[in-house]
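Student: Single-letter residue listing:
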Amino acid sequence: MLLAVLLPFIIAIIIPFVSKWKDKIHTGYFVTIVPVIIFIYFVRFIGSGFEPVMREYSWIPSLNMNFAFHLDGLSLLFVLLISGIGALVAFYSIFYLHKSEQLGHFYVYFLIFMGSMLGVVLSDNVFVLYSFWEFTSLSSFLLIGFWNFKKESRYGALKSMLITVFGGLSLLGALVFMSVLTNTTSIREMISQQQLILNSEFFPLILVLLLLGAFTKSAQFPFHIWLPDAMEAPTPVSAYLHSATMVKAGIYLVARYSPMMSANEWFFIIVSTFGIVTLCWGSYMAVRQTDLKGILAFSTISQLGMIMAMLGFGTDIALFAAVFHILNHATFKGSLFMVAGIVDHETGTRDIRKLGGLMTYLPITATLAVFASFSMAGVPLPFLNGFYSKEFFFDSALHLEAANTGISGVLQAAVPYLAVLGSIFTFVYSMYFFFGTFRGKAKLDQLPKKPHEAPIGMLVSPIVLVLGVIIIGLFPSLINKPFIEHAASAVAGTTVEKSIYFWHGFLYPPLILSITVLVFGVILYLSRRVWMPVYNVVPGILSMNKFYDGAVDRLENYSFTITKGYMNGSIGRYVRLILAAILIVTFAFMAMTGGFSINTDNLADFTIAELLVAITMVVAAIGTILTNNRITAILILGVVGYGLAMLFVFYRAPDLALTQLIIETVTVALFLLVFYHLPKLGKKEESASTRVLNLIISIGFGAMMTMVAISSHSTKLFESISSYFVDNTYELGGGDNMVNVILVDFRGLDTFFEIVVLGIAAMAIYAMIRLRQDKKEEE
Amino acid sequence: MELIMAVLAGILFTTGIYNLLQKQLLRIIIGTALISHGAHLFILTMGELKRGAPPILTEGIENYTDPLPQALILTSIVISFGVTSLLLVLAYRASQVNGTDNMEQLRGNDYE
Amino acid sequence: MSNLAVLPIILPVIAGIIVAFIHKKKKIVRIVSQIIAILNLLVVGSIFLYVQQNGTVVLETGGWAAPYGIILVGDLLAMTLVLTTNIIAVACVFFAPKSLSEKQEEFYFYAFFFMLISGVSGAFLTGDLFNLFVFFEVLLMASYGLIVLGNGKVQLRESIKYVLINLFSSMLFVTTISFLYSVVGTVNMAQIGQRVQEVEQQGILTTIGILLFFVFATKAAVFPLYYWLPRPYISPNPVVSALFGALLTKVGIYSILRTFTVMFNQEVQLTHTLFIYLAAFTMIFGVIGALSTNNVKLIIAYNIIPAVGFMLMGIGLYNQVAISGTLYYLVHDMIIKGALFLLIGAIVYVAGTSDLRKMGGLIHHYPVLGWMFFIATLVLAGIPPFSGFIGKLLLLQGGLAQEEIMIVIVALITSLLILFSMIRIFIRGFWGEKTELKHPERKRKGVWMAWPAGALLSVSILLGLGAEWFYPTIDSIAEYVMNPEIYIDSVLKE
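Chains as they are written, first to last, in the numbering used here: chain A, 1162 to 1940; chain B, 43 to 154; chain C, 4 to 497.
If you are wondering where the hints come from, they were derived from the structure by calculation, not from laboratory data.
Pair by pair, the computed Cβ-Cβ distance ranges are:
no.: 1; chain 1: C; residue 1: L277; chain 2: A; residue 2: L1831; range: 38 to 46 Å
no.: 2; chain 1: A; residue 1: I1930; chain 2: C; residue 2: I20; range: 17 to 25 Å
no.: 3; chain 1: A; residue 1: I1776; chain 2: B; residue 2: L99; range: 31 to 39 Å
no.: 4; chain 1: A; residue 1: P1383; chain 2: C; residue 2: I416; range: 12 to 20 Å
no.: 5; chain 1: B; residue 1: L99; chain 2: C; residue 2: I13; range: 27 to 35 Å
no.: 6; chain 1: C; residue 1: T276; chain 2: A; residue 2: L1854; range: 24 to 32 Å
no.: 7; chain 1: C; residue 1: R447; chain 2: A; residue 2: Y1190; range: 31 to 39 Å
no.: 8; chain 1: C; residue 1: G48; chain 2: A; residue 2: Y1719; range: 44 to 52 Å
no.: 9; chain 1: A; residue 1: L1831; chain 2: C; residue 2: I13; range: 28 to 36 Å
no.: 10; chain 1: A; residue 1: K1260; chain 2: C; residue 2: R447; range: 26 to 34 Å
no.: 11; chain 1: C; residue 1: I20; chain 2: A; residue 2: I1783; range: 39 to 47 Å
no.: 12; chain 1: A; residue 1: W1427; chain 2: C; residue 2: G355; range: 50 to 58 Å
no.: 13; chain 1: A; residue 1: N1763; chain 2: C; residue 2: L45; range: 50 to 58 Å
Straight-line alpha carbon distances no greater than 20 Å define the calculated SDA-like cross-link-like pairs of lysine to any residue that follow:
no.: 14; chain 1: A; residue 1: K1311; chain 2: C; residue 2: K437
no.: 15; chain 1: C; residue 1: K156; chain 2: B; residue 2: V139
no.: 16; chain 1: C; residue 1: K27; chain 2: A; residue 2: Y1927
no.: 17; chain 1: C; residue 1: K29; chain 2: C; residue 2: K448
no.: 18; chain 1: C; residue 1: K106; chain 2: A; residue 2: R1931
no.: 19; chain 1: B; residue 1: K92; chain 2: A; residue 2: M1807
Glycine included, each C-beta is placed from N, C-alpha and C at the ideal position.
Only chain A is shown next, with the shape it has when bound in the complex (with noise of 0.2 Å):
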């Protein structure tokens, strides 16, 4: 199994070689077998006495991380999806896709998918899931932008990307909780233990992140709006990801933890309501656009929302009723998406207005649309899938179970309504896209091109999926027992018993729903013209994609602002924040530790001449600031540094004072050097406000430091380690002086080092003085 997921990676590496090769062979070839193999793999295990396999290769073991793949009912739906319609679109791209295209990116991108989609449906370990997860965010990013050159497609995929990617981290987090709740990462043993997330008080924490991470990824309003414009990608990869497979991953996850979270009343609350709102406002939607693919684009946004709702319901009905109709979906639309694809192909433009009564010029496939559209609308023909899974869905909508109170029993009232409305649009949108297309006026001078009918090769794939929508309309219990059952009983999480059966008599309540839909959605579209001003007006006020391009305008030019409104540049700037935080946060610290202590027990003594000394040396140091000239600041400075030097006389430090007065000497020297190529010292030209704001912070962090002396020189708590220096100079370290001693010997490394660091800084000033002058010779 391990082999299945990983086929199409490996394929992947070979593809940009074989690619090579394009111009004789289409790569589209290779890349079919790919599919064809894994489904003919997992096809075996469809069958009544059907037992959930599980296997398990190890890859980061120490964190819990490994390839766990577990087949159930449910996986091996979405298996048989991938590989079954991706076998289908791989063929139908060859046709698709002229040779002089980047094929061998493309088809890279398309296997990366396709195997990271295969992970996803399989794993048990929930880091790996999300790694597959984000890879198919990854891959759509990169598919949606496959025509780059073109700004939409660029806009699309970033879109796209930005969202998904959101929820996938979203959904990371919730996965991250309850692995450290349950201490596991197996999503089986999660539910095992569901008490522990259930009980958790931040359950809704883990339900509101792990559903963001869904809801963005299956197009749930109002996360909607990036698979419209995700339709820039090549129409293959609409029909697989966008429709068929991708944005079925959100409703997998929906599904793969509903028998965990559906215990709680808020999942039915937040599930269904997002459900049927998007389902309702796909199909409204749908019906005002004018590109065939934003058609289908958003009437998938409206069946994955019916899907969505049906997984809310929660009960066994809904349940069989939503995996039946992932799979009728994925019949019906991918067969639309490659209708589109030939109408685009054949006659150069998508746009329903220039397009009318192709049906003469495309007849073949005139008559697929016929049924993948009379089957999304959900016409009651017994040889039209969608309308089995619509009348399931009628039927599910009758009978919640919920509690009748509270927003659960508002919600159950409206539910069958608002299905009912959402199902009417889907029946108007359905209608016109069919008819819009292939009935009416032929407008040939509208055209690019001259219409004809499509190649046989970009036919067989449609054929296929509409001859899918046709068998299981005749004989719905071919797929039943060995498979759908096992699909919804997987949800469940108990056994689920449905028999499917076309005719349930007159008064059967979901067939008089589905006549009513029927009757109404016949009125709307025949009376569409009136109509059309109020689609147009209503969905500007609503529109989420303003608020998209908004968000991610306003965030770049936010952080502008921001960041310039403090990173200008100026250095005093810096140290001004730099210094205020330190000096806060450390003030704080003290504060709350009651960490200033002074201790007057231990001092020494006091004599008139250090003070004199310190007194000098306090009149120079603020003498620096006071004066103007650049020789007497720098003289003063001279002033503090001797003062230092014979403080440190009169402390017992007389190699210190030695070096102090040597290093002073040669500094001031050296100002005296570099200041006569500096400007003169200008008038000090800063507000008053800015001069008190230094005052403040330089006597707040002067007044900081010495506070913090005083309590460290008061807070002695240990002997220090100096008595062993002067132990030991002599008979260890062989000399009287123990400064010496202790810098040439017990700390002889930083000795070293410092050496170092005068010989670095040398080459340093020597590198900063040559470099130009040889510049300057140069020029």
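Given chain A's structure and the hints, the job is docking chains B and C onto it.
Tutor: Chains B and C in isolation, oriented as in the chain A frame:
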């Protein structure tokens, strides 16, 4: 006396920082020099002042001042000297190349 | 075998002296440097293996036992970081000849370079607080030499800011060491730890600890002390930026980690909670900075800051999982920052501009650069299975185990924004219509420049995909860090 020395070192820090916050390079460098004086004085004060003879072994003396802070100061003085000289040359070169020693005019922008 | 601990410090110094003396012979210097860098990596690698098998090596320099002499502690933590440092060093030394001018090579680039490596390694290895100060000065002085190398107008201007801030924090550092010495009477880190623990970090000690934190935080570029970082980091040559970005801030983070696990570990409630808040602000403001500019180099430089936030987060959380997260992130970030700065150096070179608004369509001419940058973006943003993810995952786990929800959410949002800030470069710089190259003559050299970056990038990928080879080591280091007695005992031999 330690208290006075701590206050003195604090004042050296204060004046040093005040200079550091000015715009002209020369003042800023003077500021750093003052700060390092302050730092060395702090280190010295943290040993015990005048608790004995200078730390040079002499017959008959048992009490010496703490030699370790002195050793540390010595290292630090030398290093500060190195940095200060580098800074001085750097300041000279920078003001020469940029034509000003006013740090407020040396802010720069993103694209250079 | 304890003498091993000094080799990572002393070899580069010797190398530095050699190349300083022969600096005029450019070709020989180049080759000698490359050979020594590789040799040094091999030596460090074998010391690392030795330490991994036989435990910490403690070198008492000059034969003086702790706490009286200076101790070099070659524990697994230090050796891991020294090893990582040397990996970056090798990549940089091969990048340098492509990127530097001959004059820059001649004026001691390689000497400064080796001194920097020595200083960084010394900072990781030393067990003595004052000696840490000395190594800080070594690495800073070398970095001053590197940052002004070339004497450009902008370079000199930004160098002053860099030197000033570091000079101030160094002075604060020595002063704080003396305060600490006054209270506990020693400068040996292990003994300080022992003594602080003995008195339960009473009185002034926490305040001194916070001052020390600020000293390191300034070097590490923690909020609100990082203002000095971005522009000085991009003004010198890309290879210098790479060294700085990969190594310098990490020394700061390492010092915080060491200080607040070995020495100040008694008032966790107070100090480490502060770290968590600062980590959150560091992440947010850092990534906001990265979003604020169209200068590609600056975007990378700003991205250093949120990474520091991630590492500080683990230290603040102070549990074994989080600490191992910090350690993983530390190694990961050193490598990827090195790779990114080298890569962006190559990109800016071939594009002839660092302004994103003037780029576009580069991928048609430089597919290898483009895809390397794309992968580097994923690594940096912490997308699995790359190395950034492992560290991030551990940090999140550590955070949630402690129910620190705020920091976890901030970390997640930051990850998204990091990705956004980087993918902008990919979308706007690499995607787009195929246009005429402005500098077609740079193609050959530009591609060559990408190789060292590619080598670092593959290390990064290995760190992620092959986490099983590294994580147990990291985890054992984290356990070791959480039990400072082991460190103290091994140094003081009690």
